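S.K.: Taken in order, these protein sequences are the chains called A and B. Start counting the first sequence at 1; every next residue gets the next number (our numbering). Start counting the second sequence at 1; every next residue gets the next number (our numbering).
No lab work stands behind these hints: they were computed from the structure. Here the structure is a predicted model, which means the values were calculated and not measured. Some hints here could point you the wrong way.
The calculated SDA-like cross-link candidates involving lysine to any residue, where the alpha carbons are at most 20 Å apart (straight line), are [as the list claims (entries may be wrong)]:
no.	chain 1	residue 1	chain 2	residue 2
1	B	Lys60	A	Pro282
2	A	Lys343	A	Gly46
3	B	Lys86	A	Arg240
4	B	Lys78	A	Arg233
5	B	Lys100	A	Thr199
6	B	Lys86	A	Gln280
7	B	Lys100	A	Ser372
8	A	Lys161	B	Arg102
9	B	Lys71	A	Gly117
10	B	Lys90	A	Lys161
11	B	Lys60	A	Gln280
12	B	Lys78	A	Glu241
13	A	Lys214	A	Ser372
14	B	Lys100	B	Pro12
15	B	Lys71	A	Glu268
16	A	Lys200	B	Lys71
17	A	Lys200	B	Lys100
18	B	Lys86	A	Leu218
19	A	Lys200	B	Lys90
20	B	Lys78	A	Leu111
21	B	Lys100	A	Asp195
22	B	Lys60	A	Glu268
In case you want the letters, here they are:
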Amino acid sequence: MSKHIVVLGSGTAGTLTANRLRRMYDERECRITVVDQDDDHVYQPGLLFVPFGLAQPHGLVRSRPRQLHDGIDYRRARIDRVDLDADTVHFAVGGWLTYDVLVVATGAMLLPEETEGLTGPGWGEKVFTFYDLPGAIDLHHALEHFDGGRVVVNVADLPVKCPVAPLEFAFLADWYFQRCGIRDRVELTYVTPLDGAFTKPVAARALSGLLAHKGIELVTEFTLGEVDGTGGRLVSYDEREVAFDLAVVVPLHGGAAYVGRSPGLGDELGFVPVDPHTLQHPDRANVFAIGDAAGLPASKAGSVAHFEGEVLAHNIGRFLAGQPLDASYDGHTNCFVETGFHKALLIDFNYETEPLPGHFPAAVGLPLLKESHANHLGKLAFEWLYWHSLLPGRELPGIGSAMPEHGKNHVHV
Amino acid sequence: MPTATYDDTAVPVDDEGFFTEPDRWTEAMAGQLAREQGIEDLTERHWTVIRFMRSEYTAKGTGPTVRVLGKTSGVSVKELYQLFPKGPAKTAAKIAGIPKPRGCI
Ligand SMILES: Cc1cc2nc3c(=O)[nH]c(=O)nc-3n(C[C@H](O)[C@H](O)[C@H](O)COP(=O)(O)OP(=O)(O)OC[C@H]3O[C@@H](n4cnc5c(N)ncnc54)[C@H](O)[C@@H]3O)c2cc1C
Numbered sequence: 001m002s003k004h005i006v007v008l009g010s011g012t013a014g015t016l017t018a019n020r021l022r023r024m025y026d027e028r029e030c031r032i033t034v035v036d037q038d039d040d041h042v043y044q045p046g047l048l049f050v051p052f053g054l055a056q057p058h059g060l061v062r063s064r065p066r067q068l069h070d071g072i073d074y075r076r077a078r079i080d081r082v083d084l085d086a087d088t089v090h091f092a093v094g095g096w097l098t099y100d101v102l103v104v105a106t107g108a109m110l111l112p113e114e115t116e117g118l119t120g121p122g123w124g125e126k127v128f129t130f131y132d133l134p135g136a137i138d139l140h141h142a143l144e145h146f147d148g149g150r151v152v153v154n155v156a157d158l159p160v161k162c163p164v165a166p167l168e169f170a171f172l173a174d175w176y177f178q179r180c181g182i183r184d185r186v187e188l189t190y191v192t193p194l195d196g197a198f199t200k201p202v203a204a205r206a207l208s209g210l211l212a213h214k215g216i217e218l219v220t221e222f223t224l225g226e227v228d229g230t231g232g233r234l235v236s237y238d239e240r241e242v243a244f245d246l247a248v249v250v251p252l253h254g255g256a257a258y259v260g261r262s263p264g265l266g267d268e269l270g271f272v273p274v275d276p277h278t279l280q281h282p283d284r285a286n287v288f289a290i291g292d293a294a295g296l297p298a299s300k301a302g303s304v305a306h307f308e309g310e311v312l313a314h315n316i317g318r319f320l321a322g323q324p325l326d327a328s329y330d331g332h333t334n335c336f337v338e339t340g341f342h343k344a345l346l347i348d349f350n351y352e353t354e355p356l357p358g359h360f361p362a363a364v365g366l367p368l369l370k371e372s373h374a375n376h377l378g379k380l381a382f383e384w385l386y387w388h389s390l391l392p393g394r395e396l397p398g399i400g401s402a403m404p405e406h407g408k409n410h411v412h413v
Numbered sequence: 001m002p003t004a005t006y007d008d009t010a011v012p013v014d015d016e017g018f019f020t021e022p023d024r025w026t027e028a029m030a031g032q033l034a035r036e037q038g039i040e041d042l043t044e045r046h047w048t049v050i051r052f053m054r055s056e057y058t059a060k061g062t063g064p065t066v067r068v069l070g071k072t073s074g075v076s077v078k079e080l081y082q083l084f085p086k087g088p089a090k091t092a093a094k095i096a097g098i099p100k101p102r103g104c105i
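One chain only, chain B, in its complex shape (with noise of 0.2 Å):
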């Protein structure tokens, strides 16, 4: 299982990067996360979209999709893309340190 480094701590990551551990994920790592996604300063709105994603991921056991994001995160599926460009589940799942989303078969 490989390691990535954040905030002076090693955590175990998958294979594209996200956390497996989610409980080993700290605010303090967000920075970080957030501009090896290109996304350079975490804004409010960005915020509320990680916690969000942690407590469905408590909820639930895995993060929502976008379209569920959309719905319920008050955060309009247009605003989600502008706030994470390269993909709002899988971006922001990475950012808020949960395990890849497992999505729709």
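Isolated chain A (complex conformation) (with noise of 0.2 Å):
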């Protein structure tokens, strides 16, 4: 008998993941529905680049039914609710859909509301993130009639998409405001809720040694409890505060608000615990959770919902074929950090092995943890293969879900 997979969120991991299974089953074999809000899908990555007009907007921004391959039913809805009983979807406007499998792929949402002050006085003004593409344009035009002062880059809590992301932002301004000729009419600080430039120790330290190099000032442990943005202050829970004239916040993030709604689907913050190794819900075998939307101790990449995507659909297989699961996705998350002055540098890691440096994938390769001109070469490319190889569900050349451990160099802090 045909079985129904509906996968929820056609964003990066939905996306592929539908294509993925397209491409294992045979369409009388099982049928296929994604559910998404709107037909806009967003490249992510390229959201760093707008506010220093180095990307278009409007060139982000691709149809998404047209990213699923033939065979796969888009259903454009707002998802109200899943009854987890009754195998059930229920959308905003009415109507609903059962399923055997269900998909969980609707990605992290920005929650700048839980933040006192934050949406307040000084939003859009003076306070602003780019996390989104109306904040990332609206910065745009904030940085060009911008003319000196103190610039703070500041994440408000874990977990938020693309870790890396605010330092990027961070070293793009250093190098936009010298190319400017104001550079030294900015005073640039990097705020953080860490102890250090970044989770894991060899990165924060090869980071916050980039940060001092490029003369951004590391302000560290600092819980962002109210923007004051009258009076240009961040201020945190135990009552520091950090002045500015222009803040870029990275606001807190959170599961889809239906995760809330539904019982016994996700945690306290909306995120949708699964295994770390299969995806599959703990408590209900016929449900998994990829990409942004898992509760995994992994980054919220769009590289992670890549190598997520080839374990979850081979083990949604198994699933259906009443077969023990592959524990095999091992946290794998590759991502190049833009450095400026047309440098990236490159960090690869899984749940085990921290970034460290070396090359990648082998001895020969990209050479990790180092800013490199081949490696911003790397994170512009991964825009094309964003679209022609991850959407698609395909495998990139070279690169297999598992973390390669050859052309790594072990080294102790």
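Put the two chains together into one complex, using the hints given.
M.R.: Structure representation (structure tokens):
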């Protein structure tokens, strides 16, 4: 009998999962429906470049349904809740879908209103975010008119999407203000809730070295409690203050709101806790989560969704065939970190191995944890790969789901 | 593996002083652990958080982050910082005798 797989969300993770599954199954064997609330697929890694005029906003947006292979049903609707006992997804406008297998791929949502004052006076005038398209465009206009002062880049609290993006923003800001000839009039500060520039020690050391080298001040263990837009202050919960003329804040993130309205589906923050290696829900064998929606100790990144996708599609096949799942997702993450001046560095890691120096994907390859022009070209090439390899659910040549050990130099901090 | 002595009992801890074996912790150790963190008196509100940390650890295998604590413990993030000024998630984990919270990546 034909099975119905329902994929919630048609962003990076939902699209690539549906496309992989479509290739695995004949249409008579299995029906695939993908649900999303809007039709605009934004290439989110491009948001980083918009404020600096390095990417055109309209160039980052494509049609969602057109990224899906033939034979996938696309349903445009806002999800209201999932009834796990009835294997049913309910839509906000009424109507529902039942499923044999559910894939939650509804990503992470920005929650700026959860921080006191963040969306109050000054929001959109001197307090911005570049984490969504309208915010990135507003910030671009603000930067065009900025002629000096204190610029603060802040991450409110974790988890956030692509935790290196705020650092990249700081590096690019340094480059941008130099190019405009006003760097000597700009005080740049990076303010993070972490105890270093990054979560993992070896990379944290390299990245804080880069911040220092670029004259960007680093303020650590600062958990954002309040934004005073009028007074130009960020205030932490332990009552420290950082003054700004222009603040770029990455707001709190949570899972999609419907997760909270679906008893038994998600955790306190609306993310869906799944087995870190199989991506299966602990209490519901026919429910899986992938990408930013998953509550995993992995980065919320497109590369993660890609590596997860391979394991997930395979495991859904095994689940439908009544076979035990493969616990093979290892937490593999791969991120290019743009550092300005046409350079980038590359980090590659998993649940067990922190980002290390060396080369990727093997002893001969791109340098890891080290700035190079080749990595900058890699970052730019990622956009093409995103639309033409990641979303269609194809493998990247020479790069598998499992993190390559080869080429990494183990060092001790 | 370093050890530390609380309530006359030697217990294994990590380099930063977090318990590595939460079962070795007793309520009688909490006072001294708190004083080491600059907290002279543990009030009932502190205990609410400490007990919550331990039950979350038992259920999930890691202590919650400040944000999750603020949403679920019944104590707001603001008050958490008043109770544990040096950082609620880490300080409360230390006093509650559970390993350092893994946090996020
Ligand atoms: C500024 C920035 C820079 C980044 N840079 C990089 C990078 O360099 N490299 C990298 O690998 N990753 C990067 N990322 C992260 C990457 O974009 C995300 O991790 C990735 O897009 C996650 O895919 P996803 O499918 O899980 O979520 P998304 O792509 O966000 O998709 C979620 C989908 O669910 C839909 N949805 C949500 N709620 C509902 C509902 N109630 N009803 C119906 N539909 C709903 C949304 O409309 C959306 O289409 C960056 C992200 C940002 C913000």
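S.K.: Is the Cα-Cα distance between Lys60 (chain B) and Gln280 (chain A) 20 Å or less?
M.R.: Distance ~16 Å between Lys60 (chain B) and Gln280 (chain A) Cα, so the pair holds.
S.K.: Does Lys200 (chain A) pair with Lys71 (chain B) here, judged by a C-alpha cut-off of 20 Å?
M.R.: Outside the cut-off at roughly 26 Å; violated.
S.K.: For Lys78 (chain B) and Glu241 (chain A), compute the direct alpha-carbon distance and say whether it is at most 20 Å.
M.R.: 15 Å, holds
S.K.: Does the structure keep Lys214 (chain A) and Ser372 (chain A) at a Cα separation of 20 Å or less?
M.R.: 16 Å, holds
S.K.: Is Lys100 (chain B) within 20 Å of Ser372 (chain A), Cα to Cα?
M.R.: Given that 20 Å is the threshold and the Cα spacing comes to 35 Å, the pair is violated.
S.K.: Measure nothing beyond the straight line between the CA atoms of Lys100 (chain B) and Pro12 (chain B); if it is 20 Å or shorter, mark the hint as holding.
M.R.: Status holds; Cα separation ~13 Å.
S.K.: Could you grab the alpha-carbon distance between Lys71 (chain B) and Gly117 (chain A) and see if it respects the 20 Å cut-off?
M.R.: Answer holds: Lys71 (chain B) to Gly117 (chain A) is near 19 Å, not above 20 Å.
S.K.: Given the hint that Lys86 (chain B) pairs with Gln280 (chain A), test it: the Cα-Cα distance must not exceed 20 Å.
M.R.: The given pair, whose Cα atoms are some 37 Å apart, is violated under the 20 Å limit.
S.K.: Next pair to validate is Lys60 (chain B) with Glu268 (chain A); report whether the Cα-Cα distance is within 20 Å.
M.R.: 12 Å, holds
S.K.: Holds or violated: are the alpha carbons of Lys343 (chain A) and Gly46 (chain A) at most 20 Å from each other?
M.R.: The given pair, whose Cα atoms are some 16 Å apart, holds under the 20 Å limit.
S.K.: Is the straight-line distance between the alpha-carbon of Lys90 (chain B) and that of Lys161 (chain A) 20 Å or less?
M.R.: Since the Cα atoms of Lys90 (chain B) and Lys161 (chain A) sit roughly 23 Å apart, the hinted pair is violated (cutoff 20 Å).
S.K.: Take the C-alpha atoms of Lys86 (chain B) and Leu218 (chain A), compute the straight-line distance between them, and say whether it is at most 20 Å.
M.R.: Distance ~19 Å between Lys86 (chain B) and Leu218 (chain A) Cα, so the pair holds.
In summary, the structure is inconsistent with hints 6, 7, 10, 16 from the numbered list given earlier, while agreeing with the others.
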